[in-house]
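Engineer: Based on these hints, arrange chain B on the given structure of chain A.
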Amino acid sequence: MNLRQVLTNSLNVLMMLFGVFMSYKAWGLYTNCESPLVVVLSESMEPAFARGDILFLSNPKKAVDIGEICVFKIPGRDIPIVHRVIDRHDSPETGNQMLLTKGDNNNVDDRGIYQELYINRGKMWIEPKDVVGRVQGFLPYLGMFTIFMTDYPLLKYALLGGVGLVVFLYE
Amino acid sequence: MNSLQNRANAVMAFSISAIFCLLGAIAFSALIIPSNPSGAVALDSIKVVTGRYDRNWVDYKTRNNEFANTVMRIDADLSSLFHWNTKQLFVYAVAEYSTPTHPKNQIVLWDTIIKRKSVAVISKRGLNNKYSLIDVNKKWTDINANVSLHWNIVPYVGFMTYGHSKASEGYAFPLPSGIQT
Numbered sequence: 108m109n110l111r112q113v114l115t116n117s118l119n120v121l122m123m124l125f126g127v128f129m130s131y132k133a134w135g136l137y138t139n140c141e142s143p144l145v146v147v148l149s150e151s152m153e154p155a156f157a158r159g160d161i162l163f164l165s166n167p168k169k170a171v172d173i174g175e176i177c178v179f180k181i182p183g184r185d186i187p188i189v190h191r192v193i194d195r196h197d198s199p200e201t202g203n204q205m206l207l208t209k210g211d212n213n214n215v216d217d218r219g220i221y222q223e224l225y226i227n228r229g230k231m232w233i234e235p236k237d238v239v240g241r242v243q244g245f246l247p248y249l250g251m252f253t254i255f256m257t258d259y260p261l262l263k264y265a266l267l268g269g270v271g272l273v274v275f276l277y278e
Numbered sequence: 599m600n601s602l603q604n605r606a607n608a609v610m611a612f613s614i615s616a617i618f619c620l621l622g623a624i625a626f627s628a629l630i631i632p633s634n635p636s637g638a639v640a641l642d643s644i645k646v647v648t649g650r651y652d653r654n655w656v657d658y659k660t661r662n663n664e665f666a667n668t669v670m671r672i673d674a675d676l677s678s679l680f681h682w683n684t685k686q687l688f689v690y691a692v693a694e695y696s697t698p699t700h701p702k703n704q705i706v707l708w709d710t711i712i713k714r715k716s717v718a719v720i721s722k723r724g725l726n727n728k729y730s731l732i733d734v735n736k737k738w739t740d741i742n743a744n745v746s747l748h749w750n751i752v753p754y755v756g757f758m759t760y761g762h763s764k765a766s767e768g769y770a771f772p773l774p775s776g777i778q779t
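Which chain is which? The protein sequence lines are A and B, in order. For the first sequence, counting from 1, position 131 maps to 238 in my numbering; every step adds exactly one. For the second sequence, counting from 1, position 31 maps to 629 in my numbering; every step adds exactly one.
One or more of the hints may lead you astray.
Said to hold, decoys possible - Straight-line C-alpha distance at most 25 Å; calculated DSS-like pairs for lysine-lysine:
(1) B:Lys-645 with B:Lys-715
(2) B:Lys-764 with B:Lys-702
(3) A:Lys-236 with A:Lys-132
(4) A:Lys-263 with A:Lys-236
(5) B:Lys-702 with A:Lys-180
(6) B:Lys-702 with A:Lys-169
(7) A:Lys-168 with B:Lys-702
(8) B:Lys-764 with A:Lys-169
Calculated from the structure, these hints are not laboratory results.
For reference, chain A alone in the conformation it holds in the complex (with noise of 0.2 Å):
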């Protein structure tokens, strides 16, 4: 083991990890949408999504529309929701849609989510600016991965620790 052979190796690394960080973000350019994969955390859609599940989402300009499976963040809250579409009215305005959704596992509309928080009380509706993607396709149970890693992070001390073994001892 010498330097220029640690060196070697820690650029190699680099190249896949910036390689693979800067594919990611032109895939979220190109359907605009800022994370355009996410793992499913609740079982609010089953038996469509499972925990663990990883949906491909897009942002198309073209209006909501019914049946759509959308991810939507609600104003002061951190965790996006993944649920379906069940009302639909639009606007003349371009653009603005009022939507309501349901989790295809809840018994409820989602106006209780909505209204969970005081700043948002008397919300009805979510509109296309809290939706931050849609979901075009599906590839199950590898997000466990990131669930695992979350849950217990000496796995993902580990995977780094292995990582950087093989910056010092790959010849």
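Structural biologist: Same frame as chain A, but now just chain B:
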């Protein structure tokens, strides 16, 4: 050169590429498998009643919101939508109408999840709407709505696809004839 590490690496890389190629082939095949789904919704009766939605929800807190109660008839044969990449169908009946303030409105009246081909033929009579049929203006006077059956195919892996039946004739809403209890 042919160390254990190299061989393991090659085997891993090859199997991962092979799995993803296979998943891609399955995902794209679902788009070209032919199908001939059919479906129709009809309304046997519409009754409009006034009532209160929920006093906690500010928009609808008064007692004179108009709710439409419908009796639906649904006939559909969606079995041809089941192929090797169909995990489930989400089937929903939609009422569509326009009002002077909102040119396009769609409300889901009823929905169901179908997980097996053997139960993909639907024939239902006397269905009431599962979700409230109330407009944002809370009035149904002079509004004509048509109904249609929509479906969303959720795949095991791949693309979410949607389809719908032809819209029915337009139904006019009657004047309010009662109070919702």
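Engineer: Hint by hint, note whether the structure agrees.
Structural biologist: Consistency of the hints with the structure:
1. Among the hinted pairs, Lys-645 of chain B with Lys-715 of chain B is inconsistent with the structure: their alpha-carbon atoms are about 35 Å apart, more than 25 Å.
2. Taking the CA atoms of Lys-764 of chain B and Lys-702 of chain B, the gap is about 17 Å. The hint holds against a cut of 25 Å.
3. With a C-alpha separation of about 20 Å, the suggested pair Lys-236 of chain A and Lys-132 of chain A falls inside the 25 Å cut-off, and the hint holds.
4. For the given pair, Lys-263 of chain A sits about 34 Å from Lys-236 of chain A by alpha-carbon distance, which is inconsistent with the 25 Å threshold.
5. Pair hint Lys-702 of chain B plus Lys-180 of chain A holds up; C-alpha atoms about 24 Å apart against a cutoff of 25 Å.
6. At roughly 14 Å between alpha-carbon atoms, Lys-702 of chain B and Lys-169 of chain A fall within 25 Å of each other, so this suggested pair holds.
7. Using a Cα cut-off of 25 Å, the hinted pair Lys-168 of chain A and Lys-702 of chain B holds, with the two alpha carbons roughly 17 Å apart.
8. Taken as a hint, the Lys-764 of chain B and Lys-169 of chain A pair is honoured in the structure, with Cα atoms around 21 Å apart against an allowance of 25 Å.
Going through the hint list in order, the structure does not satisfy hints 1 and 4.
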